[in-house]
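Protein chains: 2
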Amino acid sequence: MVLAEKKQNSLSLERKMKSDIELINSYLDKYLEIRYPHVIWEAMRYSVLAKGKRIRPVLMLESAKACHGDINNVIPAACALEMLHCQSLIHDDLPCMDNDDYRRGQLTNHKIYGEATAVLAGDALLAYAPQVILNYTPESVDRKILLQVLDEFLKAAGAMGIVGGQVVDIESESKEIDLNTFNYILMHKTGELFKFAVRAGALLSQAEEEKLNALTSYGEKIGYAFQIADDILDVTGTLEEIGKTPGKDHKLKKNTYVSFYGIEKSRKDLENICESAKKILVDSGINSELLFNIANNIVMKAVK
Amino acid sequence: MVLAEKKQNSLSLERKMKSDIELINSYLDKYLEIRYPHVIWEAMRYSVLAKGKRIRPVLMLESAKACHGDINNVIPAACALEMLHCQSLIHDDLPCMDNDDYRRGQLTNHKIYGEATAVLAGDALLAYAPQVILNYTPESVDRKILLQVLDEFLKAAGAMGIVGGQVVDIESESKEIDLNTFNYILMHKTGELFKFAVRAGALLSQAEEEKLNALTSYGEKIGYAFQIADDILDVTGTLEEIGKTPGKDHKLKKNTYVSFYGIEKSRKDLENICESAKKILVDSGINSELLFNIANNIVMKAVK
Chain A
0 MVLAEKKQNS LSLERKMKSD IELINSYLDK YLEIRYPHVI WEAMRYSVLA
50 KGKRIRPVLM LESAKACHGD INNVIPAACA LEMLHCQSLI HDDLPCMDND
100 DYRRGQLTNH KIYGEATAVL AGDALLAYAP QVILNYTPES VDRKILLQVL
150 DEFLKAAGAM GIVGGQVVDI ESESKEIDLN TFNYILMHKT GELFKFAVRA
200 GALLSQAEEE KLNALTSYGE KIGYAFQIAD DILDVTGTLE EIGKTPGKDH
250 KLKKNTYVSF YGIEKSRKDL ENICESAKKI LVDSGINSEL LFNIANNIVM
300 KAVK
Chain B
0 MVLAEKKQNS LSLERKMKSD IELINSYLDK YLEIRYPHVI WEAMRYSVLA
50 KGKRIRPVLM LESAKACHGD INNVIPAACA LEMLHCQSLI HDDLPCMDND
100 DYRRGQLTNH KIYGEATAVL AGDALLAYAP QVILNYTPES VDRKILLQVL
150 DEFLKAAGAM GIVGGQVVDI ESESKEIDLN TFNYILMHKT GELFKFAVRA
200 GALLSQAEEE KLNALTSYGE KIGYAFQIAD DILDVTGTLE EIGKTPGKDH
250 KLKKNTYVSF YGIEKSRKDL ENICESAKKI LVDSGINSEL LFNIANNIVM
300 KAVK
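The listed protein sequences derive, respectively, from chains A and B. Position one of the first sequence corresponds to residue 0 (numbering that gives the first Met the number 0), numbered consecutively onward. Position one of the second sequence corresponds to residue 0 (numbering that gives the first Met the number 0), numbered consecutively onward.
What the hints contain is simulated information worked out from the structure, not anything from laboratory work. Any given hint could be a false lead.
You can't tell identical chains apart in this list, so a pair holds if it fits in one copy or across any two.
As the list claims (entries may be wrong) - Each computed BS3-like pair below joins lysine-lysine, with the alpha-carbon atoms no more than 30 Å apart:
1) Lys143 - Lys154
2) Lys110 - Lys252
3) Lys267 - Lys110
4) Lys278 - Lys154
5) Lys154 - Lys29
6) Lys252 - Lys64
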């Protein structure tokens with residue numbers, strides 16, 4: 000595909016995603032209204048309302064649409080997911096973790112509010128996000144489904160989810176690791192939140208088992224692909240393109256897809272995984288242009 | 000009261016609390032079984048299974064007993080509360096926060112596992128604790144009550160609870176603050192978890208409104224008293240007695256009850272608050288020797 004064509008496709012997808020993103024942003028703004036003590040809500044807002052791609056909440060909205068669900072039923076969980084993602088970024092960026100100065104094109108949370116408040120802002124988001132699901136999901140949603148969504152959310156947030164991925168990632172820095180360990184990091188650091196996104200969208204729309212399973216596989220593949228693309232862009236991207244310091248993983252001697260397999264195989268695998276994610280949609284009759292295009296877009300942004 | 004008498008009363012209370020504590024410890028051990036990745040579960044266990052007083056979970060069990068509830072209904076929430084308390088201690092002890100080396104008579108979490116893992120162990124506990132409530136509270140408990148307990152738990156954990164108290168506390172270091180701000184810190188840093196302890200015990204036992212309200216007031220007063228006692232012991236206690244570095248608050252120029260009112264008034268107020276907590280129990284016909292004695296014990300440990 001030539002560059003101009005790629006750019007056009009990417010723009011078209013962005014336009015389609017725009018209304019989802021605006022919806023999410025307006026609810027994030029509402030849920031995170033400033034309360035006392037102001038500084039903690041300001042710190043939470045600073046990171047959550049920064050210009051992000053909102054890919055996780057968009058995936059949830061689109062998964063719900065693909066299951067003919069009511070969008071109002073998923074908005075709180077979609078916003079909670081974005082809050083959780085931002086919580087993990089705030090803590091990952093701390094000096095004792097990845098020590099990053101830039102995120103989403105702005106200074107990191109601790110650079111603005113100091114480390115102590117950044118730790119607490121992360122904690123506050125982690126406690127508040129499930130409260131958003133509990134208090135704002137419409138009463139019409141079956142409480143049993145609500146409890147399942149809440150449980151899967153907390154699982155994705157903790158030691159069985161992103162924290163587990165992050166801790167193995169840190170433990171593995173500068174070390175040679177086996178394929179199982181590498182796949183564990185990949186699936187848990189990024190995969191868990193992508194999987195949760197599409198599953199919550201389906202669950203809150205009372206999708207039938209078959210559709211739920213297909214979307215779960217799609218989400219896992221997309222999460223995997225997203226991390227590979229991120230690893231590629233750490234090598235090839237600029238600060239402007241990726242909104243954070245490039246070359247950071249290499250410097251920290253992280254085990255990335257690129258360090259594991261080299262750049263060529265990374266690009267090839269990324270394409271194949273996204274193809275198989277799209278095939279799942281086609282095979283299971285999930286007719287969602289946006290879910291289809293998100294898979295395309297992950298390849299496009301990383302394979303130049 | 001002479002010292003020998005005080006010690007005897009304290010020992011007798013400890014004996015009575017012992018069976019509650021053993022119950023809590025056995026379930027904490029069970030809920031926190033080591034899973035992959037081992038290091039994060041070990042770090043979580045290190046802090047949670049350290050020798051603590053377990054006053055919060057004990058308050059919950061005793062509140063449930065005072066409401067003639069089934070102890071099995073509250074064990075998961077009681078353990079979740081202790082996990083939440085430990086999460087806040089792990090993060091408070093970090094170098095960027097209070098920078099403490101000792102807690103509960105052992106090295107702090109980051110001194111053993113490093114700062115990155117300590118941050119993540121706190122996050123993992125914060126995500127896992129509500130999962131314990133969700134997954135282990137017996138099916139027989141009304142889901143509406145379960146959701147209320149979960150909501151109050153998350154509120155106590157976040158910016159409207161202990162995080163709020165902690166952030167105002169940090170903001171106020173080395174500053175003169177007004178009485179409202181001081182009371183906010185006092186009520187939120189410690190009060191929220193004590194209040195939640197007795198409320199959850201009552202809610203999960205389907206206590207009538209009047210009893211719930213009385214126990215809520217009792218919990219607020221006990222939490223307030225506990226913090227005053229802690230502030231007194233920061234001045235008068237030893238490392239062996241309090242399990243953490245004494246004189247720390249003074250060094251950090253924290254606004255404590257003692258720095259605000261002086262040691263004499265602190266002791267007097269502590270006695271008065273505990274007396275009024277006991278009066279609430281008597282007036283509302285809550286016949287719990289242990290809740291009564293906990294109030295006595297808070298005074299005794301601090302007023303030598």
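Hints, verified against the model:
With identical chains, the CA atoms of Lys143 and Lys154 are at most 30 Å apart both within one copy (17 Å) and between copies (21 Å). Taking CA atoms no more than 30 Å apart as the test, Lys110 paired with Lys252 passes in both settings, with 23 Å inside one copy and 24 Å between copies. For a Cα distance limit of 30 Å, the shortest separation of Lys267 from Lys110 qualifies neither inside one copy, at 37 Å, nor across copies, at 44 Å. For the identical chains of this complex, Lys278 and Lys154 are intra-copy neighbours only, at 28 Å inside a copy versus 43 Å across copies, given an alpha-carbon limit of 30 Å.
When the C-alpha separation of Lys154 and Lys29 is checked against a cutoff of 30 Å, the pair qualifies both within a copy, at 26 Å, and between copies, at 18 Å. Taking the shortest alpha-carbon separations for Lys252 and Lys64, neither the intra-copy value of 41 Å nor the inter-copy value of 55 Å comes in at or below 30 Å.
Checked against the numbered hints above, the structure breaks hints 3, 6 and satisfies the rest.
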